[in-house]
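S.K.: Please arrange chains S and X on chain L, whose structure you already have, making use of the hints.
Chains as they are written, first to last, in the numbering used here: chain L, 7 to 370; chain S, 48 to 356; chain X, 312 to 816.
Hints in this document: simulated from the structure, not taken from any laboratory.
There's no promise every hint is true.
[Stated by the list, open to error] Reference listing, derived: stretches of chain S covered by chain X, where coverage requires no fewer than 3 residues with Cβ under 8 Å from a Cβ of chain X:
#: 1; region: 210 to 220
#: 2; region: 223 to 229
[Stated by the list, open to error] Calculated Cβ distances over 12 Å to all of chain X for the following chain L residues:
#: 3; residue: Gln-36
#: 4; residue: Val-37
#: 5; residue: Gly-61
#: 6; residue: Arg-133
#: 7; residue: Val-139
#: 8; residue: Leu-159
#: 9; residue: Ser-185
#: 10; residue: Val-212
#: 11; residue: Pro-255
#: 12; residue: Tyr-333
Even for Gly, the Cβ is constructed at its ideal location relative to N, Cα and C.
The lines below spell out each chain.
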Amino acid sequence: MFDTTNFQPLLARRYTLEVRQQMAWYWQAQVIALALLVGMLISAAILVSAGVPAGELLNEFVILTLFDSQSLRAVLFQAAPLIMVGLAGCLAFRARFWNLGLEGQMIWGAIGATAISLFEIGPPSLRLPLMMVCAMACGLLWALAPVLLKLHLKVNEIISTLMLNYIAINFLLHLVYGSWKDPRDSFPYSPQYKVFERLPELFDGVSLAVVLALVVALFVLWFTGISRAGLYLRFVDSSPGVARAVGVPVKRVILGTVLLSGALAGLAGLMITAGQEGRLTHSFYAGYGFSGILIAFLARNQPIAATVVAVLVATLFVAGRSLQVFYQIPFSMVQLIQAILVICVASSEFFIRHRIRRIQGGQV
Amino acid sequence: MDMIASWIGNIPDFAVPFALAALGLIVIERSGVLALGAEGLMLVGALAGIGASLMTGGATVWALILAMCAAGVVSLLFALMVLVMRINQVIAGLALVFFCQGLTGLLGTLLDWTNKPVAGLQSLSLWPFSELPVVGKLFVQNPLVFVTPLIFVVVVLVLNRSVLGLRLRAVGENPQAADAAGIPVLGYRCAAIVAGSMLIGLAGAYISVLSTKMWIADMVGGRGWIAVALVIFARWSPWKALAGAVLFGCIEALIPQMAASGIRLPQYFVFMTPYAVTLGVMIWVALASRDSSSQPGALGEPFIREERR
Amino acid sequence: MSNPNAIRLDSVSKSFDGFKALSEASFTARWGEVHALLGENGAGKSSLMNIAAGLYAPETGSLFIDDNPVRLKGPLDAAAQGIGMVHQHFKLVKPFTVAENILLGLRHLQAGTYRQRLAQTAEQITAMAASLGFSIEPHARVDQLSVAEQQRVEILKVLLAGARILILDEPTAVLTDAEAENLLTTVQHFAHQEGAAVILVTHKMNDVMRYADQVTVMRTGSTVASLKPQTVSVGELVKLTVGDAPTPPQIPSSRDAGEVRLAVRDLRSSGDAPALRGVNLELRAGEIYGIAGVGGNGQSELAGALMGLPEPVSGEMELVGEGDLNSLSAARRRELGIACIPADRYSSALAAPLSISDNFAMGDVHSGRYGPFWFLRRKRIEADTAAAVAEFDVQGVRSLQQKAALLSGGNAQKLVIAREFARIPQLVIVHSPSRGLDVRATLAVHERLRSARDAGAAVLLISEDLDEVMALADRIGVMSAGRIIGEFAQPADRQAIGQAMVNHV
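Okay, chain L solo, but in the shape it has when bound (with noise of 0.2 Å):
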């Protein structure tokens, strides 16, 4: 009946694809470190092709940005918009809400917090937190068309989000270009912000933004880990159907999610003209919105490993910085950097979440 004698190799060695369930996190961690590091040497060798000196490349990168105090904090200055951004990332991410738009936010958070200084609304104590509350109010405002459209109108938000982007965009320009233009120049810019408008240094030359990006980072940290709404979202993130099911206020949680979202970012829009430059400029929102993307996707959607990563992304611009203007290396190269990064990353989670097992004919 059963012919357990004169076995013969079905089948040579074969490679097949099965899915894991589960990898222990000290495993995962391992694969992404080591997908990161590929992703540099690859950033690497193309900086060294591209005419940096491949010694400088250690030295740019890791030892001045990090052991000079100087620009140390300079990285720190540039990681605040950064944290933001990364954090509304990780936000709208958990809530399944593609939110392209972090570029759009941030710049009406920007014109909203600007439109305050020029307007001189409030007493000048109280100006600093107006323009804080509005620049929020601004980014909030302007996601909130997208996920509205996505919960009653089922339109996709990559869409809907990168099209509000380029319209706040255009707007900018006709801003900077037009009727709030600094008249003493000709530069496409507002004219600057008063002093007590500006972001100001709290100690040792750290400002005021850095620390407001760490509370936030708490915030987040609180909201997704320890309130309720950190478990709603994470059905909502998992499984939308179930989700519903069990009785989770899905579209209040998404709306909820996705506005702070906009918020975050329209602050980091704050932080970068009250920051950084000290007025409403025409580019200052360039690169952020894929690198919170960037961040949020590396971090997994957590908020500490975010801010991490922040730190690090803000790293990246930095030395992307210095090289374009010691070796006219374009910026676009930091666009591309990260990219690969999250390409390895991304390609890493293959290993995660598959096995490939090989078979054997024979007795086992």
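M.R.: What follows is chains S and X alone, placed relative to chain L:
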């Protein structure tokens, strides 16, 4: 009257990139792969077209073909990400766009291809149509404009009236069924990605080589994204996409006309129009029909045979 | 065909990510016979046949066709060897026509234009269908066909590709009794008259006894016996399939039902082909009301409407004393003791990637038991979950943080019940509770439902498994074409119920 004539005459120039890009996207998405990377692939095609044109000293047709090949090669990276690595297709598409933006920005500067004018192609006159009043200028276009409808016809024929197209559509609707029928799902998807990307690259090359006749960083300016939206509201039908592309061509062609006519409109608001119209059309389509039944059934889902259900 | 053995699988083993689905299973089917592969859900029948059809690769073991060793690299290879499988979930492209679907797989039609090939395919379809005794419109769209017709398309597809070894995976699961008889007679004829080998994967004893020439019994991944069904009794066959004799199902006690808890009046879906066309029923406390019927007559939609899915329905669902069922918030439903156990665990009850404690927490989180909005009381969630897991005997829990997806079907179901029954339920709506569960798990679930009823709950059981309904329900309603067309009190006449199920009013 002159203004209307020259507006009409300019429409194809603006419509063709949308049309070709949308067609390329349709080919890819009909195989079940969500393609968001159009913006990036158009940039690659644009830069490669200019670069090839500059290096070959003006062999424009070859430049266009090389541009298509360049886009095809870059799309292999995307194919690797979504077909082999099974990366989430939205992330892969976004990563591709930013990769291409960074790469083209970098290469454009390093290789000194920026702001260098190229010759483009001589316009062809379709006599006697070109003598018509008002619409006459519509028939004086560069050759690629006349070739585009032919490309559409070929693609539609292959998709709907050939076994190859049948299999491709099956792969997009129900890859398990296609697999059980012995169709190599990943092979078809890869081929669709490369073929579609070549069309998208051609669209980008059109903008740089034939229209603007030079390369400027990020010159595609969101048209790739608009093409993605076009495909959605054309419900993945090539002819509807062509109609949508013509519509957008009309709108974009208005922009220089407005400036030339002396009508006082705030410049940047005029620039906003294509994006606002895209958003408007997306909303209108969502309102008009709340079903997405023409979306390829398996769009966006990776295919693994042994996933235990 | 001098060799009697059509297909032989030898000592095949297969694991899915650590779970051993097959261990050293062996199977031989001969030409000209109808060979049944019998076993409970999860015994490994489908996995074994998927290997035969080239869809999975075995870890160990060999495959022989006509006693020649064969290596299958994919379904294409299997088709080339003459193996064709009709799956439980049809592999048809819904928007395509019948002819287009079949043309997809036909490799030998290489010549001619597309139109010609399509026409040729249509001709072959009509011819083959006629030879099997039915007719089918080749240019009809598959999504316009009934389930039984779609199944016929699948069979045609496989036969036209040249299959001589036909594998049918649970073919009668989606058919009415009459359609099932039709099908099985047809394939029996195909085997006996045409000499083909037909393999019938099933868990239905009756089908085996009536139509099979040979039966191989599988249990937990191994093949335990192969014999002629005519030589044994049904009881012995059951014993082989199930292992230890299970406790016989209890006859539901005839209790006096209490007051009406739930009244459904004229429930209708909207749209062109509404699933619900005026459902009326009353559910009383202390009874199990079972809704029987062939799958696809509106059961899922009824369950969905009652469980709170936002489908547009008109009519009333009144929870006596509270008003419209749908107007209640999740917290209020919980408070009132409304428990819902849906058919598809991982699309309606449990979030597979989330932890067991997260999933359990959703039961009571709305009521504030686990803290206010701004602070989630994790310790309390853990404690409650641990207690529930112990009380409801959820096995396979190494840690409360592990993903819910790692639980087996039966244990996942127990987790859902643990969550829903954490507070004493007053109204239970349950849909296909034992789908995908083995015998032991099913008995445990049935026990829970009975004790809920005995404690005074009103239980609405919607199930496509008539055995389950017969074993549990105090009253049985038959659902057909979106309506309840008849009610039967227990002890009910199974034949009469079966008749009612098939009569489409």
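S.K.: Does each hint hold? Answer for all of them.
M.R.: Here's how the hints hold up against the structure:
1. Chain X is given as covering the region 210 to 220 of chain S, and this holds because 6 residues of the stretch bring a CB closer than 8 Å to a CB of that chain, at least three being needed.
2. For a cut-off of 8 Å, the count of residues in the region 223 to 229 of chain S with a CB near a CB of chain X stands at 7, and the three-residue condition holds.
3. The beta carbon of Gln-36(L) sits about 20 Å from the closest Cβ of chain X, which is more than 12 Å, so the claim that it is off the interface holds.
4. Remark: the non-interface label on Val-37(L) is consistent with the geometry, its nearest Cβ contact in chain X lying 18 Å away (cut-off 12 Å).
5. In this structure Gly-61(L) is separated from chain X by more than 12 Å, as the shortest Cβ-Cβ distance comes to about 46 Å.
6. Distance to chain X confirms Arg-133(L) as a non-interface residue, since its nearest Cβ pair spans about 31 Å, more than 12 Å.
7. The beta carbon of Val-139(L) is kept farther than 12 Å from every beta carbon of chain X, the shortest such distance being approximately 21 Å.
8. Here Leu-159(L) stays apart from chain X, with its beta-carbon at least about 16 Å from theirs, past the 12 Å limit.
9. Every Cβ of chain X is farther than 12 Å from the Cβ of Ser-185(L); the closest lies at roughly 43 Å, confirming the non-interface assignment.
10. Every CB of chain X lies more than 12 Å from the CB of Val-212(L), the least distance being 30 Å, so the non-interface label holds.
11. Distance to chain X contradicts Pro-255(L) as a non-interface residue, since its nearest Cβ pair spans about 8 Å, not more than 12 Å.
12. The claim that Tyr-333(L) is not at the interface with chain X holds, since no C-beta of that chain comes within 12 Å of its own (minimum 45 Å).
Going down the numbered hints, you'll see the structure goes against just number 11.
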